[in-house]
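In the order they appear, the protein sequences are chains A and B.
Mapping of the first sequence onto UniProt numbering: position 106 corresponds to residue 106, and the numbering continues sequentially without gaps.
Mapping of the second sequence onto UniProt numbering: position 133 corresponds to residue 133, and the numbering continues sequentially without gaps.
Do not take every clue at face value.
Claimed, not checked - For lysine to any residue, the following SDA-like pairs were computed, each having C-alpha atoms within a straight-line distance of at most 20 Å: (1) B/K52 / A/F190; (2) B/K282 / B/I211; (3) B/K197 / A/F229; (4) B/K294 / B/D252; (5) A/K52 / B/K197; (6) A/K57 / B/N32; (7) B/K212 / B/E228; (8) B/K52 / A/Q181.
Said to hold, decoys possible - A few chain A positions that, by computed beta-carbon distances, are all more than 10 Å from chain B: (9) P136; (10) M292; (11) E299; (12) V307.
Said to hold, decoys possible - FRET-style restraints, in silico, Cβ to Cβ: (13) B/I208 / A/E134: 45 to 53 Å; (14) A/N82 / B/S290: 47 to 55 Å; (15) B/K11 / A/N113: 48 to 56 Å; (16) A/K175 / B/S235: 34 to 42 Å; (17) B/K175 / A/E144: 49 to 57 Å; (18) B/Q181 / A/P250: 27 to 35 Å; (19) B/K264 / A/I208: 31 to 39 Å; (20) A/G145 / B/N266: 35 to 43 Å; (21) A/Q114 / B/E144: 51 to 59 Å.
These aren't lab readings, by the way, just hints derived from the structure by calculation.
The structure presented is a predicted model; accordingly, all values stated were derived computationally and were not measured.
In this text, a Cβ means the ideal position worked out from N, Cα and C, and glycines have one as well.
2 protein chains.
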Amino acid sequence: MSRIGINTNMKNVLVTSGSQQAIDLSGRLFINGGDTIICESPTYLAAINTFKTYNAKFVEVDMDDEGMIMEELEKKLIENPNTKFIYTIPDFQNPTGRTLKLERRKRMVELANQYNVLIVEDNPYGAIRFSGNELPPVKHFDTEGRVIYISTFSKMLTPGLRLGWICADEVFIEKYVAFKQTADLHTDSFAQRMTAKYLELYDIEEHINKIKAVYKERCKVMLSCLEEFFPKRLSYSKPEGGLFIWVELPEDVSAEHIFTEGLKNNVACVPGTPFFPNRATKNALRLNYSNMAKEKIIEGIKLLGEVYYTVN
Amino acid sequence: MSRIGINTNMKNVLVTSGSQQAIDLSGRLFINGGDTIICESPTYLAAINTFKTYNAKFVEVDMDDEGMIMEELEKKLIENPNTKFIYTIPDFQNPTGRTLKLERRKRMVELANQYNVLIVEDNPYGAIRFSGNELPPVKHFDTEGRVIYISTFSKMLTPGLRLGWICADEVFIEKYVAFKQTADLHTDSFAQRMTAKYLELYDIEEHINKIKAVYKERCKVMLSCLEEFFPKRLSYSKPEGGLFIWVELPEDVSAEHIFTEGLKNNVACVPGTPFFPNRATKNALRLNYSNMAKEKIIEGIKLLGEVYYTVN
Numbered sequence: 001m002s003r004i005g006i007n008t009n010m011k012n013v014l015v016t017s018g019s020q021q022a023i024d025l026s027g028r029l030f031i032n033g034g035d036t037i038i039c040e041s042p043t044y045l046a047a048i049n050t051f052k053t054y055n056a057k058f059v060e061v062d063m064d065d066e067g068m069i070m071e072e073l074e075k076k077l078i079e080n081p082n083t084k085f086i087y088t089i090p091d092f093q094n095p096t097g098r099t100l101k102l103e104r105r106k107r108m109v110e111l112a113n114q115y116n117v118l119i120v121e122d123n124p125y126g127a128i129r130f131s132g133n134e135l136p137p138v139k140h141f142d143t144e145g146r147v148i149y150i151s152t153f154s155k156m157l158t159p160g161l162r163l164g165w166i167c168a169d170e171v172f173i174e175k176y177v178a179f180k181q182t183a184d185l186h187t188d189s190f191a192q193r194m195t196a197k198y199l200e201l202y203d204i205e206e207h208i209n210k211i212k213a214v215y216k217e218r219c220k221v222m223l224s225c226l227e228e229f230f231p232k233r234l235s236y237s238k239p240e241g242g243l244f245i246w247v248e249l250p251e252d253v254s255a256e257h258i259f260t261e262g263l264k265n266n267v268a269c270v271p272g273t274p275f276f277p278n279r280a281t282k283n284a285l286r287l288n289y290s291n292m293a294k295e296k297i298i299e300g301i302k303l304l305g306e307v308y309y310t311v312n
Numbered sequence: 001m002s003r004i005g006i007n008t009n010m011k012n013v014l015v016t017s018g019s020q021q022a023i024d025l026s027g028r029l030f031i032n033g034g035d036t037i038i039c040e041s042p043t044y045l046a047a048i049n050t051f052k053t054y055n056a057k058f059v060e061v062d063m064d065d066e067g068m069i070m071e072e073l074e075k076k077l078i079e080n081p082n083t084k085f086i087y088t089i090p091d092f093q094n095p096t097g098r099t100l101k102l103e104r105r106k107r108m109v110e111l112a113n114q115y116n117v118l119i120v121e122d123n124p125y126g127a128i129r130f131s132g133n134e135l136p137p138v139k140h141f142d143t144e145g146r147v148i149y150i151s152t153f154s155k156m157l158t159p160g161l162r163l164g165w166i167c168a169d170e171v172f173i174e175k176y177v178a179f180k181q182t183a184d185l186h187t188d189s190f191a192q193r194m195t196a197k198y199l200e201l202y203d204i205e206e207h208i209n210k211i212k213a214v215y216k217e218r219c220k221v222m223l224s225c226l227e228e229f230f231p232k233r234l235s236y237s238k239p240e241g242g243l244f245i246w247v248e249l250p251e252d253v254s255a256e257h258i259f260t261e262g263l264k265n266n267v268a269c270v271p272g273t274p275f276f277p278n279r280a281t282k283n284a285l286r287l288n289y290s291n292m293a294k295e296k297i298i299e300g301i302k303l304l305g306e307v308y309y310t311v312n
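Turn these sequences into a full structure, and let the hints guide you.
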């Protein structure tokens, strides 16, 4: 963790059953019914669903290509004094693939200090940067112990082991531990030992570099397919890492229709709607380039492009 | 599961991250703040702590050597119309080691039907019966889909893998699945595959028989040590399986003191207090015979007996 600019010790880290559990425990620990969570618009759908089970109210902040817009964030903080925390995915965000730029990371912490809120930084993709310069996590700029940093081995090693962690001030970790015990007693010890042994025997950076090379190529292929098989006026993100491209279709195009027709032909994408906690945005699509070979990506995007043109 | 008298299929079972998660998800699914949970007195402390996080109110029902007393249960059901479910550990209960007798299992289901409540049957120890006759689970008598059956591989294979399950009516399982997804997405696939492979390659019944033989012997040794090193008037359970013996000390003896002095000499037991959600019962001890060799058990109980006599 020191590599990415966070100091850790035995007392400020808790191993969780995947970062999903870390998100859930954060909801359990911090949200009282009616509390406001401020998040990027759009944001990770399973975080939305989780925080909703704790009866959170969501306030969405607009993003541009450089992540959450800080002027908008401040406006929402002023408008919502009942805000408990800002939920952010700063690196290669799910679903947009966008990255919060450096100055905004510093500014987000300043605003959290000023408006007395916490930040839950969900960072599962940060290690998978395949272009551009590495950025320190938001937690790196934390001066008052307000940032809860969440990450996972899911994207850099394997998701099946359910191995994530929370890094936060000791006072929070103590409470997280109590909730963790009621949730599942502890995280699979075999998964923890296997991963520890892996880290001892192998160079995980070398493994991550392999992943990066693969994803970089697949992302490039998918972007050039979007260029080729979709109209020029289409707007989509150009990720520097992670797994996702976010496509904003013209307003009158239904992502749901593209999704349904794609699926009939065995091509899966995710319509944007569930990534917005409040808005009904029907014209966005999340594409994932991480799991398919180049040829399949070409075939898939070509097909989605054909579907697009049949309805336009 | 058919072996123990429960019919299962793909739609009425959910794999969980240990049975602790099944307990937690039950709290999340069923308890609204202020709801009453009826439980054995005493009961499993981590279930108490979990249900408390959902702001449950506890009503304790007295037990005798044959488990929860059904006349008492009915009284409490009448007194507490806001009861959501009966939480019971029918086999070799934690902490008492006691087992709910057959007629009471049938009666518990009848009462649940009559008073329109659910039963959460927590059965982690049922497979570890080393004497007496096997009993069907409470779920076996379920006529209206009111029993949520929870179990785990923890006690018959290994606790470290965190592999438990819920068996309940499909309508409940669908809701459990939604909550499970927010809690940790899914249970460690490696642990699931390993266990499936184990079940394919080995005879788990043979393994369980080995455990039973070991526990039977250790339980016998511990009981005879209690006979030898403690006064005759002491009351304690004589388990037919599982891991625990429950010792009821004379009213003026502090279990906490025995615990503290024991620990100084490296002998661990658990004072009874945290197993009672409401009462402050200071004179009970939970002993666990499962993990120590015969010689260590003799040494340990002898020492606890010496501590007992120094304060009496």
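Cross-check of the supplied hints:
Under the criterion of a C-alpha separation no larger than 20 Å, the hint pairing B/K52 with A/F190 is inconsistent with the structure, at around 30 Å. A hinted pair counts as satisfied when its Cα atoms are at most 20 Å apart, and B/K282 with B/I211 does not qualify at roughly 32 Å. For a cut-off of 20 Å, the pair hint linking B/K197 to A/F229 is broken: about 46 Å separates their Cα positions. For the given pair, B/K294 sits about 30 Å from B/D252 by alpha-carbon distance, which is inconsistent with the 20 Å threshold.
In summary, the hint linking A/K52 to B/K197 is not supported, as the alpha carbons are separated by about 37 Å, beyond the 20 Å threshold. Among the hinted pairs, A/K57 with B/N32 is consistent with the structure: their alpha-carbon atoms are about 19 Å apart, no more than 20 Å. With a CA separation close to 24 Å, the supplied pair B/K212 and B/E228 exceeds the 20 Å bound. Proximity of B/K52 to A/Q181 is assessed by CA-CA distance (about 13 Å); at most 20 Å being required, the pair is judged to hold.
At the 10 Å boundary, the C-beta of A/P136 stays outside the reach of chain B, the nearest C-beta of that chain being 28 Å off. For A/M292, the non-interface assignment is confirmed: its Cβ lies about 21 Å from the closest Cβ of chain B, beyond the 10 Å cut-off. With a least beta-carbon separation of about 28 Å from chain B, A/E299 lies farther than 10 Å from that chain, consistent with its non-interface assignment. Even its closest Cβ contact with chain B, about 29 Å, leaves A/V307 beyond 10 Å, as expected for a residue assigned away from the interface.
Between B/I208 and A/E134 the beta carbon distance is about 52 Å. The supplied range of 45 to 53 Å therefore holds. For the hinted restraint 47 to 55 Å between A/N82 and B/S290, the CB-CB distance of approximately 49 Å keeps it satisfied. For B/K11 and A/N113, the hinted distance range of 48 to 56 Å is satisfied, since their beta carbons lie about 50 Å from each other. Against the hinted window of 34 to 42 Å, the Cβ-Cβ separation of A/K175 and B/S235 comes to about 39 Å, which satisfies the hint.
The hinted window of 49 to 57 Å between B/K175 and A/E144 is violated, with their beta carbons roughly 39 Å apart. At roughly 33 Å, the beta carbons of B/Q181 and A/P250 sit within the given window of 27 to 35 Å. Remark: the range hint 31 to 39 Å for B/K264 to A/I208 is contradicted by a beta-carbon distance near 49 Å. A hinted range of 35 to 43 Å holds for the C-beta pair A/G145 and B/N266, which are about 38 Å apart.
Under the hint 51 to 59 Å, the C-beta atoms of A/Q114 and B/E144, about 56 Å apart, fit the expected range.
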